[in-house]
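Enquirer: One line per chain: the protein sequences are F and L, in this order. Position 218 of the first sequence, counted from 1, bears residue number 218 in the numbering used here, the numbering being contiguous throughout. Position 295 of the second sequence, counted from 1, bears residue number 295 in the numbering used here, the numbering being contiguous throughout.
There's no promise every hint is true.
When chains are identical, the list treats them as one kind, so a pair holds in a single copy or across two.
Below 20 Å or equal to it, Euclidean Cα-Cα: the simulated PhoX-like pairs (lysine-lysine) are [stated by the list, open to error]:
no., residue 1, residue 2
1, Lys9, Lys345
2, Lys107, Lys345
3, Lys43, Lys322
4, Lys345, Lys194
In short, the hints are calculated from the structure, not lab data.
2 protein chains.
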Amino acid sequence: MAVRYELIKQCSQTGARAGRLHTPHGTFDTPIFMPVGTQATVKAMSPHELKAMGAGIILSNTYHLYLRPGHELVAEAGGLHAFMQWDGGILTDSGGFQVFSLGPLRKITEEGVTFRSHLDGSKHFLSPERATEVQMSLGADIIMAFDECVPYPAEHDYAKASTERTTRWAERCKAVHARDKQALFGIVQGGMFKDLRSMSARDLVELDFPGYAIGGLSVGEPKELMYEMLEHTVPLLPITKPRYLMGVGTPDCLVEGVLHGIDMFDCVFPTRVARNGTVMTSQGRLVVKNAEFARDFRPIDSQCGCYACRNFSRAYIRHLLKTEEIFGLRLTTTHNLYFLIHFMKDMRQAIIEDRFLEFRVAFWSHYQR
Amino acid sequence: MAVRYELIKQCSQTGARAGRLHTPHGTFDTPIFMPVGTQATVKAMSPHELKAMGAGIILSNTYHLYLRPGHELVAEAGGLHAFMQWDGGILTDSGGFQVFSLGPLRKITEEGVTFRSHLDGSKHFLSPERATEVQMSLGADIIMAFDECVPYPAEHDYAKASTERTTRWAERCKAVHARDKQALFGIVQGGMFKDLRSMSARDLVELDFPGYAIGGLSVGEPKELMYEMLEHTVPLLPITKPRYLMGVGTPDCLVEGVLHGIDMFDCVFPTRVARNGTVMTSQGRLVVKNAEFARDFRPIDSQCGCYACRNFSRAYIRHLLKTEEIFGLRLTTTHNLYFLIHFMKDMRQAIIEDRFLEFRVAFWSHYQR
């Protein structure tokens with residue numbers, strides 16, 4: 001099998017677990033945070049810098065690559081790994097989330113989705129078959145079934161019809177996907193309805209995917225509701241398979257996701273806020289662009305071992321951000337990714353040593369916002 | 001003395017010469033190209049990357065740093081080297097060129113220049129004394145006298161008055177500058193008039209600076225006229241002192257500058273065109289952003305050993321540029337700087353082996369544009 005999950009340690013008091021994900025491009029410790037490289041590049045970073053800071057799997061977006069440079073071109077280059085010179089793991093989403101986000105620019109039928117490009121208005125069609133074929137061309141280690149992310153809020157009727165269709169689509173994805181070197185994950189939907197989450201999980205588990213994502217969370221609902229959905233849904237998934245919570249990546253949600261037994265996360269959060277001048281530290285967030293740091297010659301985080309913190313001051317980084325220098329974005333991005341990757345390592349270590357609950361208490365006792 | 005020039009080899013047929021520049025932050029082979037780091041950062045690059053590709057001295061702009069973050073702040077950080085974590089050489093310009101470029105926003109008197117910031121319209125005053133003090137705060141290895149760059153074209157009368165004032169200003173800079181660890185260079189002006197270039201060179205040599213820049217060239221005049229001015233001016237400068245041609249950095253002008261005996265160059269050209277998607281190769285320039293490279297999976301220059309060429313294809317770099325990804329700008333900038341730095345090394349080697357004229361013939365035989 002292309003991708004295999006190995007359970008190393010189950011927390012004795014919570015759902016948290018430490019494991020390993022075996023892929024054709026390496027074995028990665030879980031729980032893991034996957035940096036997002038939407039357009040075949042993690043914004044501002046080189047693949048060698050990502051590797052050096054301990055990144056294992058990155059996520060890339062099928063919708064964007066399908067439009068630019070086109071999946072055939074990526075295939076000609078030898079696939080996404082060769083194109084972007086990343087020899088670690090890659091996961092591609094199905095394009096579904098982006099296409100559905102286009103709002104009035106898209107139309108859904110049972111067959112698939114017709115949409116217009118946000119770039120030039122050109123007309124396109126993605127179906128479960130097409131999305132899977134595109135992802136096969138890109139050649140990621142893990143690809144995702146084409147789904148509809150149920151919007152929040154949604155009526156039960158709509159959520160039910162959508163979730164049932166997502167299951168039918170997952171079946172169609174599976175039918176065209178037959179490649180041993182690539183794992184196709186199913187995506188559990190169901191909105192904020194426990195009965196639909198149960199239905200979705202049951203139906204997808206029946207289809208026997210090598211891994212399961214939980215989609216449709218972190219879409220605007222209160223965090224408590226997201227945690228409730230996780231608490232309900234994760235136990236419905238097989239313990240032998242990896243579990244991936246899509247689009248989640250703030251430290252608080254990572255802790256709670258891990259608590260409920262999630263193994264994989266991705267989010268644009270650390271890289272996006274970095275470019276706005278916000279950095280994460282062991283003491284909470286810091287808007288390093290703010291005037292208060294103009295003459296602060298300390299590193300972002302004196303506890304941190306990243307390239308930015310080992311070399312540069314808050315004052316210098318603030319200067320770079322204020323003057324809109326690219327190197328400023330490189331430094332804040334470097335720091336935030338390093339911070340989250342090491343945050344996950346710390347959580348994993350806590351699970352291994354069966355002190356995850358203590359880790360969580362300590363985290364919440366000083367977490368701001 | 002802070003900065004000392006050591007002549008290693010004089011070309012037997014041309015003015016070209018190979019030497020070494022000894023500074024408090026290292027000894028650097030000349031002729032040398034100095035990358036421009038306007039705002040205490042060479043755009044898109046880290047100081048460690050610059051070092052790794054063989055950059056020796058970089059240039060930073062007094063005008064920009066004076067406005068943001070302010071020279072007092074840089075001094076508090078321990079000077080420019082500490083602020084930006086660059087342990088190689090630094091040269092700062094005097095701010096004169098930028099201030100004079102402000103056009104209607106500035107007013108010149110014998111005392112100095114009153115101007116309004118291009119950022120917020122705030123009023124400022126730079127004089128020879130002030131510009132020198134600001135540069136002393138920044139702490140570069142080489143600082144420049146405050147001059148007026150005679151515009152092109154200019155009347156002889158205006159050019160004469162301006163050049164004479166520049167000499168008086170140079171004297172005033174020298175009077176306030178007394179720091180052994182920092183070298184103050186004089187700047188020869190005189191517009192496109194040989195008699196004024198002679199006058200300027202004679203007067204400045206009289207003042208005995210540790211190095212001389214030639215300013216007021218590459219300001220819109222035909223290149224032949226620039227070469228004529230170089231041919232006339234360089235022999236008027238002492239052979240024991242380094243010679244710096246300001247604002248010049250295209251391969252053709254570098255070759256001709258070296259031919260006439262120039263040791264130091266700086267220019268935003270390689271970094272600026274890189275950000276517009278143009279790269280230099282041994283076969284001429286290449287607009288890697290162009291559609292023709294969409295499926296070109298070769299490196300920018302198969303002869304090149306830079307990070308970009310060792311790892312990435314034209315197709316990938318074009319994709320990054322088209323999608324406005326920061327990493328694309330990093331790669332083209334890396335390539336162009338590496339290319340020019342190694343171009344200078346090749347020229348130096350040719351001088352050492354007394355085959356510079358052959359190098360020049362070979363260069364012109366395949367140079368495009």
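Enquirer: Measure nothing new, just compare the shortest in-copy and cross-copy C-alpha distances for Lys9 and Lys345 to 20 Å and report within, between, both or neither.
Expert: Cα proximity of Lys9 and Lys345: one copy only (14 Å, versus 57 Å across).
Enquirer: Within a copy, between copies, both or neither: where do Lys43 and Lys322 come within 20 Å Cα-Cα?
Expert: The answer is both: 19 Å in one copy and 14 Å across copies each meet 20 Å.
Enquirer: Can you give me the call for Lys107 and Lys345, within, between, both or neither, at a CA distance of at most 20 Å?
Expert: Neither: 42 Å inside a copy, 60 Å across copies.
Enquirer: At most 20 Å between C-alpha atoms: does Lys345 with Lys194 qualify within a copy, between copies, both, or neither?
Expert: neither (31 Å within a copy, 69 Å between copies)
Of the numbered hints stated above, those contradicted by the structure are hints 2 and 4, listed in ascending order.
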